[in-house]
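Student: Given the coordinates of chain A, assemble chains B and C onto it according to the supplied hints.
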Amino acid sequence: MFIRNAWYIAGWSDEVLADRPFARVMLNEPVVLWRQPDGTPVALEDRCCHRALPLSMGKIVGDRLQCGYHGLEFDAAGNCAQVPGQSTIPPGASVRHYPAVERHRWIWVWMGDAEMADPALIPDFHWLDTPGWVAPTGTFHLKAHYQYLVDNLLDFSHVQFIHRNTIGTDAIADIPSTVEKLEDGVAVQRWIPDSPPPPLFDNAYGGFGGNVDRWMNNRYTVPSSVTFDIGCAAVGTGAADGDRSQGVEIRSLHGITPETETSSHYFWAYARNFRLDDEDLSALLAKGAHATFEEDVIVLGEQQRSINQTGESGLVDINGDAPGMLGRRVHADRLAADVFG
Amino acid sequence: MFIRNAWYIAGWSDEVLADRPFARVMLNEPVVLWRQPDGTPVALEDRCCHRALPLSMGKIVGDRLQCGYHGLEFDAAGNCAQVPGQSTIPPGASVRHYPAVERHRWIWVWMGDAEMADPALIPDFHWLDTPGWVAPTGTFHLKAHYQYLVDNLLDFSHVQFIHRNTIGTDAIADIPSTVEKLEDGVAVQRWIPDSPPPPLFDNAYGGFGGNVDRWMNNRYTVPSSVTFDIGCAAVGTGAADGDRSQGVEIRSLHGITPETETSSHYFWAYARNFRLDDEDLSALLAKGAHATFEEDVIVLGEQQRSINQTGESGLVDINGDAPGMLGRRVHADRLAADVFG
Amino acid sequence: MFIRNAWYIAGWSDEVLADRPFARVMLNEPVVLWRQPDGTPVALEDRCCHRALPLSMGKIVGDRLQCGYHGLEFDAAGNCAQVPGQSTIPPGASVRHYPAVERHRWIWVWMGDAEMADPALIPDFHWLDTPGWVAPTGTFHLKAHYQYLVDNLLDFSHVQFIHRNTIGTDAIADIPSTVEKLEDGVAVQRWIPDSPPPPLFDNAYGGFGGNVDRWMNNRYTVPSSVTFDIGCAAVGTGAADGDRSQGVEIRSLHGITPETETSSHYFWAYARNFRLDDEDLSALLAKGAHATFEEDVIVLGEQQRSINQTGESGLVDINGDAPGMLGRRVHADRLAADVFG
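First to last, the sequence lines map onto chains A, B and C. With the working numbering applied, the first sequence corresponds to residues 1 to 341, in that order. With the working numbering applied, the second sequence corresponds to residues 1 to 341, in that order. With the working numbering applied, the third sequence corresponds to residues 1 to 341, in that order.
If you are wondering where the hints come from, they were derived from the structure by calculation, not from laboratory data. Hints are not guaranteed to be accurate.
Said to hold, decoys possible - Simulated coverage check for chain A against chain B, where a stretch passes if three residues somewhere in it have a Cβ under 8 Å from a Cβ of chain B:
1) 66-73
2) 88-96
To be verified - Heads up, simulated DSS-like pairs for lysine-lysine below, C-alpha to C-alpha not over 25 Å straight-line:
3) C:287 to A:143
4) A:59 to A:287
5) A:59 to B:143
6) C:143 to C:287
7) B:59 to C:59
8) B:143 to B:287
As the list claims (entries may be wrong) - Computed Cβ-Cβ distance ranges for the label pairs, DEER-style:
9) B:287 to A:20: 26 to 32 Å
10) B:242 to A:25: 32 to 38 Å
11) B:81 to C:332: 28 to 34 Å
Cβ atoms here follow ideal geometry from the backbone N, Cα and C, with glycine treated the same way.
Extracted from the complex, chain A is given alone in its bound form:
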């Protein structure tokens, strides 16, 4: 069971084209995406209402999607507008239409009640397409329920184990944190005041010439987005009060879309606001982020496989689970409101 009244990422902007349909299974439903001639993205049920062929096997003809079997044409609203060989359209000839919005280099699709599809509810990922930021990106097919990945992203205690070969040198979990339950998610904040700058940030800034105030925050937004806000600023320059002008920042961005109950589409980006034109650095960060997130993808796939065999009964919790468990409570409340509200 999924939260339906929510925006989910269907794909990257450059995956959804005006000259070729694009198929994606979301929340167990086949969805086909394409663009109107003016570039507006369209999301329809990927199943012709005539003989059920995936419409993604067809082609785009003008502002319509034409089925590859008998040539039925569907407009951007999902209504059949043309049946070859006859002048009338059979009653009820339409496929489901999903609201779709392009924002922050992603195509977002609303899988629930279209009346409620308010673009203002799209989670903030503006670092993906805002001047002053640059972001290597990638996609994984995750063989696990998305909540296992949300748990993982809200939990720093796994870093030194899963990521021992990549980023796992710091015992981040030992840094004191504040965990806050929000109406639509969870916020975790960590401050490391007056400490030596990490080399990446020190280089990026051009040398702080001394200690910095560092932060590591993460933010979960139901159902399945997590953003990391990581950075540092020259000590005492007001970063904790919101003035980051004397610092540098990274945003590690994670958008997840359920495919089935046991698989997900995992879209990530690794944005920074410094050395924007340094392509070597971009390549290095892209490679590092890919390697790190892939470690999670492998472990979570094995976790899902294990749970498929043995269930979840008898599992115990540890202290580091607190943010994830809080996230699950917010998620459960939203799901209950979604289903029964």
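Tutor: Structure of chains B and C alone, referenced to chain A:
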């Protein structure tokens, strides 16, 4: 659920041999085929009555099939005739026997009540082995229920879409047709009087020197055979009344055998009565037929996959479905009589 | 349903290491094996009690197994001894511990009530590691229930059919045998007195210079071990009374562990007490045994596949099944006592 009292194609004549058993799953049942020393085909349950090993893993010994595990031997009636190491045959030691007949280069097997297995009920495919005709052939494994393929073969409206890259230039669906419900199937007839001959036919005839009367007929026979009768004759020479002596003909022949509820064996042939010795033409037609039918096989596999996920509810019909829907009614009547008769 | 109160082979001694965990599914349960620093083998549930990750994805740290996700550490009893980032262990934080014993080059695991895990119940396979014997070995993944393999190993009547290309020249099934039901299995004995020695044995002995007394015995021990005792001695030297000093012997050894209801781990060895240092002979016998047993593995996989499709109803028995059926009765009694005892 399948119509059991019917002849189904188990394989090509040259697939069923006297020196090696041949396995084929038909109507969800494992069947083993072989030949008696005199060439008579035999079809038995492909499961030893002792320890269930497929008999197709064994070998043929004289006029018997010997199991590959303990050497039990079965005669052409399916009775165990020999158990190595003992002089008696255990009571009930036999496997199911299916009536089998070789006709028109195919081995036909009757999957129902053997008492009703009348060879006269075998659908007419005489163009496969009658002098004056030559026919390239092929086999596909279709990942779909056979009725989807029957629908497809009774419907010309898909041609310009599925087959846009092969034969789909004509809008055949726009040619007026007559559709007739028969006791055992459906007949569709199309006439295009007094029109220019298609190049293939014009060349074949040695030049008509003018217009022709063309025909495109198809005939469905329950449960799962479809034949196309396509050709043309010099205009006004009586083709519409049955005199095709001044013309040339093609028969596109389709025999389908259900493997499971979602897969089928698809046997095809593309027969002609002209330029019989032209091997280049045979190769060209074989390649073209294969390419065209494979387009259907791909689309129908995707149709089945879609229906597996989403079911058939909510589908609408179009005008071009009329022959197929008529075929489904004849099929449903036969199935009801088969099950309850 | 499996007999749980029994020792099962988890793997070869050299598969279970002190520096890397080893995963094996036994009786449908994921098991992880490793060794204490002193070499003692340990078998635990292969599922972390925190988030269900297989512990076999982790690493060994001192005398503990550390989970690869959050670093929880488990001692050899399966108790969680350490949770990184916190000083207390959550109540109930443990995984199932299975008694494990190393014997005869195999690691044996008791899958039932640990109170009943008496090492004296481990089946005798001392020929694997006793001076005076040498044994090539191997492992197969068998895609069948282990009882089908036990049936096969207790039955000589299949030899001339399955093994016609390897060892199947003799009609061993025609040699008179005695079959004895034992408390924990079945014993089959065959004597061929005063007959020419088989070449392998004659060469091995250095020439008997005349006839020999031959024996071919097999012994099934519930749930899933079978040993063959094959050999010959100079005629009239007392072999039948237990004096084999004037003869040579082979032990064909078979230990089977259920993986699932339809798959098994099949461990074999082919021991001899002659020409111990002849590596060419070892290679020859290893190759021959592998080829022969693989023939069974293929057939039994097809048997299981057939039974998955069609069930076991309607199967008949033959005389050669007697030892196997007796074995199944002993097995059924043990299973009933195991479940209800």
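Student: Which earlier hints can't be squared with this structure?
Tutor: 3, 4, 7 and 10
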